[in-house]
Structure formats: C-alpha cells, structure tokens
Amino acid sequence: MKKQLSYMDSVHRDGRIWNLSVMVLLILFPISVALIYHTMPDWRGFLMGILATAPMYWAVAVVETVTYVPMLGAGGSYLSFVTGNIANLKLPVALNALEQAEAKISSEEGEIISTIAIAVSSIVTTLIIILGVLLITPLTPVLNAPVLAPAFAQILPALFGGLGVVFISKNWKISVAPVILMLVLFIFVPALNAGTVGIMVPVGVLFTLAVSRILYKKNML
Amino acid sequence: MEFNVNSPVLFLIAGIIVAAVLAQSVYFLIKAWRRGLAIGMSKDKLKRVAMTAGVFTVAPAVAIVISVITLAKDLGVPLPWLRLSVVGSLSYETIAASNAESAMGLTFGQVASLNATQYVTIACVMTVSIMVGIWLVPLIGKKLQNGMISMENRDKKWGEIFSASMFIGMISAFLGYVFCDFSNVFHGDMSGLIPVLVMLVSALVMCLAGLLVKKTQWHWVSDYALPISLVAGMASAIPITAWLG
Numbered sequence: 030m031k032k033q034l035s036y037m038d039s040v041h042r043d044g045r046i047w048n049l050s051v052m053v054l055l056i057l058f059p060i061s062v063a064l065i066y067h068t069m070p071d072w073r074g075f076l077m078g079i080l081a082t083a084p085m086y087w088a089v090a091v092v093e094t095v096t097y098v099p100m101l102g103a104g105g106s107y108l109s110f111v112t113g114n115i116a117n118l119k120l121p122v123a124l125n126a127l128e129q130a131e132a133k134i135s136s137e138e139g140e141i142i143s144t145i146a147i148a149v150s151s152i153v154t155t156l157i158i159i160l161g162v163l164l165i166t167p168l169t170p171v172l173n174a175p176v177l178a179p180a181f182a183q184i185l186p187a188l189f190g191g192l193g194v195v196f197i198s199k200n201w202k203i204s205v206a207p208v209i210l211m212l213v214l215f216i217f218v219p220a221l222n223a224g225t226v227g228i229m230v231p232v233g234v235l236f237t238l239a240v241s242r243i244l245y246k247k248n249m250l
Numbered sequence: 002m003e004f005n006v007n008s009p010v011l012f013l014i015a016g017i018i019v020a021a022v023l024a025q026s027v028y029f030l031i032k033a034w035r036r037g038l039a040i041g042m043s044k045d046k047l048k049r050v051a052m053t054a055g056v057f058t059v060a061p062a063v064a065i066v067i068s069v070i071t072l073a074k075d076l077g078v079p080l081p082w083l084r085l086s087v088v089g090s091l092s093y094e095t096i097a098a099s100n101a102e103s104a105m106g107l108t109f110g111q112v113a114s115l116n117a118t119q120y121v122t123i124a125c126v127m128t129v130s131i132m133v134g135i136w137l138v139p140l141i142g143k144k145l146q147n148g149m150i151s152m153e154n155r156d157k158k159w160g161e162i163f164s165a166s167m168f169i170g171m172i173s174a175f176l177g178y179v180f181c182d183f184s185n186v187f188h189g190d191m192s193g194l195i196p197v198l199v200m201l202v203s204a205l206v207m208c209l210a211g212l213l214v215k216k217t218q219w220h221w222v223s224d225y226a227l228p229i230s231l232v233a234g235m236a237s238a239i240p241i242t243a244w245l246g
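Residue numbers (this note's numbering), protein chains in the order written: chain A, 30 to 250; chain X, 2 to 246.
Incorrect hints may have been included.
Label-pair restraints from in silico Cβ distances [said to hold, decoys possible]: (1) Ile60(A) x Lys215(X): 49 to 59 Å; (2) His67(A) x Met152(X): 51 to 61 Å; (3) Met2(X) x Val92(A): 37 to 47 Å; (4) Trp221(X) x His67(A): 31 to 41 Å.
Honestly, the hints are just simulated from the structure, not real lab data. For every residue, glycine included, the Cβ atom is placed at its ideal position computed from N, Cα and C.
Extracted from the complex, chain A is given alone in its bound form (with noise of 0.2 Å):
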C-alpha cells in the first residue's frame, strides 16, 4: 500500500518539482533566444562575466539558503528562492504575518501562514510588474519624475524603521548588542553599504545566535 505522505513532507516533494522545473525553464531562455536567432553566446565574454559575478553570488546564495529558509518555513522557502527579492519583501511579509497571527514558523500553523503571505506577496508583484510591463510607455514618466525618487530609494529604512520596533521592542534583551555591533560596523567600515548588507545578515544573525545562547545558559532569557 502507498505510503501516505504528510502535509510537510508534499511541500518538500512539490517545492522540488517546481523549482527544478523553473530552473529548466530559466536555462531555456537563453537557449532559445539563441536557436531563434541562430546565434551563440560571446564564450569568452560569457566567462569572463561568470568569473565576475558568479563566484560572490554562488557564496552569498548558499548563505542565504542555509539562514532563510528556517525563518521562511518551507513553502515559503521554495516560493521565495523562485520570486526573488528575499530580504527586501518575502522575508518581512513573513514575519509580520507570523507575528499578527502569533504562531511559530516551526509549527505547522506558522508553515501555512508563512506560505499564504509569500504566495499572495509574489502574486501581487508579478501582476504588478507585468502592470507595470504593460503600461511601461505612460507609467515611465511618473514613476520616474525626481519628486518621487527619494521615496522609492528609502524603502529599505522605511520598511526595517517598522520591523525593528516591533521585533526589537519584544525581544530587546537579545536585541542590544547585534543593533549595536551592527551599527558600529556600518558606521566605521566604510566598504559596508548597500551592496554588501546581505553578507552582513548571516554575520548579524551568528552574532546574535551567539549572545543568545550565552544568556539563555546564564538564564537570563
């Protein structure tokens, strides 16, 4: 008899099949942009731009993997490591919706709110882009006229000013020395910025894991 597979599990087996078919998908672009045009790519610029761009990514995406996806849940996970923009919108999606919801990423109520918010989250901002994609010719002056710039260059700031209070002002015994480490790193390295703030997430998230642990063994949590 077949064995009957639980909820976690069909995530795991979908999350799978869906992915690896998005990458075949993904690969076929190029590809077949090539066979229409009867064309092949430049080989040495190829390599020279994988060279360039690869070997950062290809570290920062197994970071990113191994500190996302316990936060994400894991139709989150699949979902996010497909739509992209983790950090900037999935993640916070996620974690505002756990915490109105009041239930744990680790339970199976956390899992599917976690998963609602990021499906409906990548749903709204794919039609939103094809929207966008649409209505590219009138749209491109508004959304590009200078008094609306600063306010889309600030999203980061508005959205973690928010986040933080509500994180940092329930966990704040935790919360102290990483906003401090942090702070003073940015502040006085000046190679940190906007470019390098996703390989400073899993430095924040170890140093944190690291003082935590040190105050629950002390019992102070």
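Start from chain A and add chain X according to the hints.
Below, chain X alone, put in the same frame as chain A:
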C-alpha cells in the same frame, strides 16, 4: 529574423516563464489554504493574512517596476521583466548585466543597441550566476527544516529563542545598513541622515499604530500597521531629502 531587444517573441518566452512562476505561487497558496482549513484555522484568519500581505507588497512591487524601467534602457523590457519576476533584484541584475557587458567591451547604461549574440551572453550570465538558490533549497531545505524542528523538540524554549535570534540578526544587519552613510555627517554632508530619519519616522508611525490599537481596541489597525509605516516612511523621504539632500 531581425533581432530587437523588445521583439514580441522575447515577450512571449519571458511571459511563458513568468506564467509558470505565477502558477507555482497559486499552487502553493491553494495547497496551504486547504491545509489551513483542514487543521481548523478559520477562513477569516487566512483572509487577513492574505490581505495584509497583498497590501504590504504594493509599494515594494512598484519599486521593482522602476527597476524594470531602469534596466530596460540597455536590455529592453522582456529580459528585465523576466529577471525581476524570477529570483532577481535590481542590484544583482545591474551588476551581472554590467559585468557581462564590460566583458564584451560595452559600457552599462550607454548601450545603443545589442545584437543577438551580446543579448544571449548577458542573459546567460544573469541566469547562471543567480541559479544556486533555486536548486539548493530542494537539495538541503528539508534537512534544514527538520534540524529546526528536532531542535525545538529537544528544547522548546531554546528553539523559540533561536528563531527570534535569527530574525533579530537579520533586522540588526539592515538597521546597521541604514547608518552606512552616517559617517558623512562628521564631514558636513548631512545626506547620511536621510535614511536614519526615514527609519525613525517609520518606527514612530509603528509605535503610534500600536498605541492606537491599545487605546481603541481597533485590531484591524495592527494588520495594516507595517504597510502604513512603510508608506509613511517612504513619503517622509521626499521632504527629508529636499531638506538634507
């Protein structure tokens, strides 16, 4: 066939892939929704989660459209549309495209028209360089999840602290990032204060929303507090930048 970065056939191929990604999101939404109802979660609760996530997403999604417009100057619309709908982000796509272009002797932002070979090369670099996350999650995602669950089963309290610590670690890195230009203030350039003040406005609005919920018991406010604080912070960036920029 004459190559054009905005050729209908490119829109068609990109559209098919975007449709597949949309289908994946719809599939997981329906699967999670059904499971939620099956384990006794109320329809109202699920609707609230979906509504809040949808509202919250609008402003960041508009920013992604702006990224498509930015990249479209060099690459046409279909490739940025595809790349920013699947995995990508403006910073990554810009770096990948500009590395590929400079490897072929082009300068990003100053390309008049790409030929098919250059276009395929750029698309290959952008695609291959970002692929790791898509296959790594199927490979190790289950192990990571099971590790978290077994840790919580061993020590529930530590499991909860562990989750909270991960969130705080991530948030603290982004709070640090808000201050990355702050040191310019010491040299008389006040623009480094702009993200800090925007963050404070957003935090203040979030605090006010919390107070409002406490005083009035309007719990719907807390559902929309994060999108409201996000939009308020973004809106405040306009006068703050005019003042300090």
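Could you work out which of the previously given hints the structure breaks and list their numbers from low to high? 4
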